[in-house]
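Peer 1: Single-letter residue listing:
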Amino acid sequence: MTARPDAFSPDVAVSVLSRLRERAPRVHCITNAVAQSFTANVLLALGAIPSMTIAPEEVATFAASADALLVNLGTLDERRRQAIPAALEAARAAGKPIVLDPVFVNRSPVRCAYADQLLSDPPTLLRANREEVESLFPGEEPARAARTGGFTLAMTGSEDLICGANATLRLANGHPLLSRVTATGCAGGAVMAAFLSIEPDPVIASAVALSVFNIAGEIAAERARGPGSLVPELLDALYGVDETALKSRLKFVDLNLGGS
Amino acid sequence: MTARPDAFSPDVAVSVLSRLRERAPRVHCITNAVAQSFTANVLLALGAIPSMTIAPEEVATFAASADALLVNLGTLDERRRQAIPAALEAARAAGKPIVLDPVFVNRSPVRCAYADQLLSDPPTLLRANREEVESLFPGEEPARAARTGGFTLAMTGSEDLICGANATLRLANGHPLLSRVTATGCAGGAVMAAFLSIEPDPVIASAVALSVFNIAGEIAAERARGPGSLVPELLDALYGVDETALKSRLKFVDLNLGGS
Amino acid sequence: MTARPDAFSPDVAVSVLSRLRERAPRVHCITNAVAQSFTANVLLALGAIPSMTIAPEEVATFAASADALLVNLGTLDERRRQAIPAALEAARAAGKPIVLDPVFVNRSPVRCAYADQLLSDPPTLLRANREEVESLFPGEEPARAARTGGFTLAMTGSEDLICGANATLRLANGHPLLSRVTATGCAGGAVMAAFLSIEPDPVIASAVALSVFNIAGEIAAERARGPGSLVPELLDALYGVDETALKSRLKFVDLNLGGS
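Protein chains in written order, with my numbering: chain A, 3 to 262; chain B, 3 to 262; chain C, 3 to 262.
Rather than coming from a laboratory, the hints here were simulated on the basis of the structure. Note that the coordinates shown come from a computational prediction; the quantities given were computed from them, not determined experimentally. Please note: incorrect hints may appear among the correct ones.
[What the hints assert, rightly or not] Between beta-carbon pairs, the in silico distance windows are: (1) C/A174 with B/G97: 38 to 48 Å; (2) A/R83 with C/A115: 24 to 34 Å; (3) B/T246 with C/I51: 42 to 52 Å; (4) A/E224 with B/A95: 33 to 43 Å; (5) B/A95 with C/D123: 36 to 46 Å; (6) A/A167 with C/S181: 33 to 43 Å; (7) B/K249 with C/E133: 33 to 43 Å; (8) B/A96 with A/V112: 36 to 46 Å; (9) B/E24 with A/P87: 33 to 43 Å; (10) C/P178 with A/A167: 37 to 47 Å.
All C-beta atoms in this analysis are idealised placements derived from N, C-alpha and C, irrespective of residue type, glycine included.
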């Protein structure tokens, strides 16, 4: 079902980004209290429209009318636990792509069990770092976990690995200073949701999302004097990132040409 | 009761802003999770003092001792639904001005019904964009909705329209880049609440609030490279906006000289 | 038990900061909704690792595995009231230092009573401004309140006073523009928690914390054009503050050489 991984290239990234800016998709975000404001600003800078309510009586309406749903498990509390199933059900019924970000499952067994349960009805995309993937699928190889689980996996780190049904990509953009700002990973999950609403192949969509976000991060880090100035620079770079930047900076490797 | 609309001028804006900075009014804000931090920083940059608790056992104390109350319906959840009536009752009993901002009522019928119910005991000021006004008063002319409803309406957009009991003003300051930053509208509602505590005429107070905020936005947008740098620039501009900026930039039209 | 106050000097501050950056301690923060994101960014810029959940089923796990706990009473609601005792118990059982920041107890009798109750099992450090100290210990001299209460007190203001079991220090760094940014005080409490996990003497730890934070604030204020640009400048300065800055700027007075 997924496109061939050689369908990913700088030209594809440019074209998908351009479609996103034209369509201005709505992304409903159930995300943690720390990330809400920054995530909203990242989506707006990119050209998408955020909404953030977690009220149980409203969240289904917002999730169904949005173009994609992000479920981030940071600061997972009773209110978020009530909102998540309602939002997931509404997004699924409406055929909208879903990103699950199981923040800190490696630090909280109760959260890990909750994420496990959510994965039984797989999201379009699971975004997680290596520690989180290892907590969710102990001893399992990431690409196999994704294939078995029925979702695309974007495993983020100093290099990013994307594992789809029959394609694996490795991406190498980004900058270490990004880890000195809270919620950059969480906001990156929202960016993936935005691109999933534009590009139907989840491997391509998440590769474009990671590339655009991390290239903006590189541009920002070159201009910043520290993690404080990185924030406005990152948002400015997301707003301004263009064909020239994508074509000159994009770094990726196809690991597996999916069945070829 | 309201002053004549010709009472609004750059000189009036300068004088009301100067009084606000002297008095440093307290504004209690029941506002959405995404807007809380930015709204607090906007009020502090302007010269006002924010408080933000929504705990039911405390909110009445904070609302009664503040100089104005903002009720913003973004991320409207059970906790906010509990806090709002208590805060409104305390602010009314203490004779404090109240701003209602019915965020996204056009996207949530349940929230629209809630806002309708709040309007039955009218706030001093309703701040809303065109879509929100149309959801609350379908088919009704905004100025008539305000007169009938017993509140002043500040309808924001690329132009802002203020409708009081016997005066209508149109304001034309602002910059499109402001819409690429989350919570600028929400923070603008808090600025209106701050000015209502200084200037008793709600048409004048909201006109000064919108002018000061939007002129600061223009100055910021001229200095910013994108929506990221716009945020610090906007707060710096609110902190520094002065007589020269207000007099050289203020753009408004009196539409109706209220009964004259 | 506490070190002699003459143990505080620019050299000590340099050495303690250097140890913090090497160890990258984890600080679990139960803090108010307005401060969460900024506090996380302050800790990351400094070189510490924040976590922020207040979910009752997870907070004990996070608090026990962190190196220090911050309990900040801003926006004190039912969820935070549930999280606080669980987090305190877990941190105490694990022998971790605890900072209590009783925000706005002077404006809410119910919150003041709650803080009083928490103080019956004393935290390592109480961080409060003069009004908050006066509400908690009416008519009492701050140093005596700390000795009687069994905690170290950091009373912040234009000058900061630190009162330990047998030492009193006065610190004079900082800049008035810091008070025009929300949550600078709250984030400062998290910085104290981070340093308490590195330096066992709470007088020294809080003196280093206040000095580092306030010197970064001075550097930032010299570079900023207002409270907006102060935020990125402050985070950049916390990230970059070094031996030269600490040695040239640190201002403190030993008031009492504790029993000598």
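Peer 1: Hint by hint, note whether the structure agrees.
Peer 2: Hints and how they fare:
1. C/A174 with B/G97: 38 to 48 Å: Given a distance of about 42 Å, which is inside 38 to 48 Å, the answer is holds.
2. A/R83 with C/A115: 24 to 34 Å: Because 31 Å falls inside the window, the suggested range holds.
3. B/T246 with C/I51: 42 to 52 Å: 46 Å, holds
4. A/E224 with B/A95: 33 to 43 Å: 56 Å, violated
5. B/A95 with C/D123: 36 to 46 Å: 38 Å, holds
6. A/A167 with C/S181: 33 to 43 Å: Violated, at about 55 Å.
7. B/K249 with C/E133: 33 to 43 Å: 39 Å, holds
8. B/A96 with A/V112: 36 to 46 Å: Between B/A96 and A/V112, where Cβ atoms are some 44 Å apart, the hint holds.
9. B/E24 with A/P87: 33 to 43 Å: Roughly 52 Å apart at Cβ, these two residues miss the hinted range, so it is violated.
10. C/P178 with A/A167: 37 to 47 Å: 59 Å, violated
Violated hints, listed in ascending order, are 4, 6, 9, 10; each of the other numbered hints is respected by the structure.
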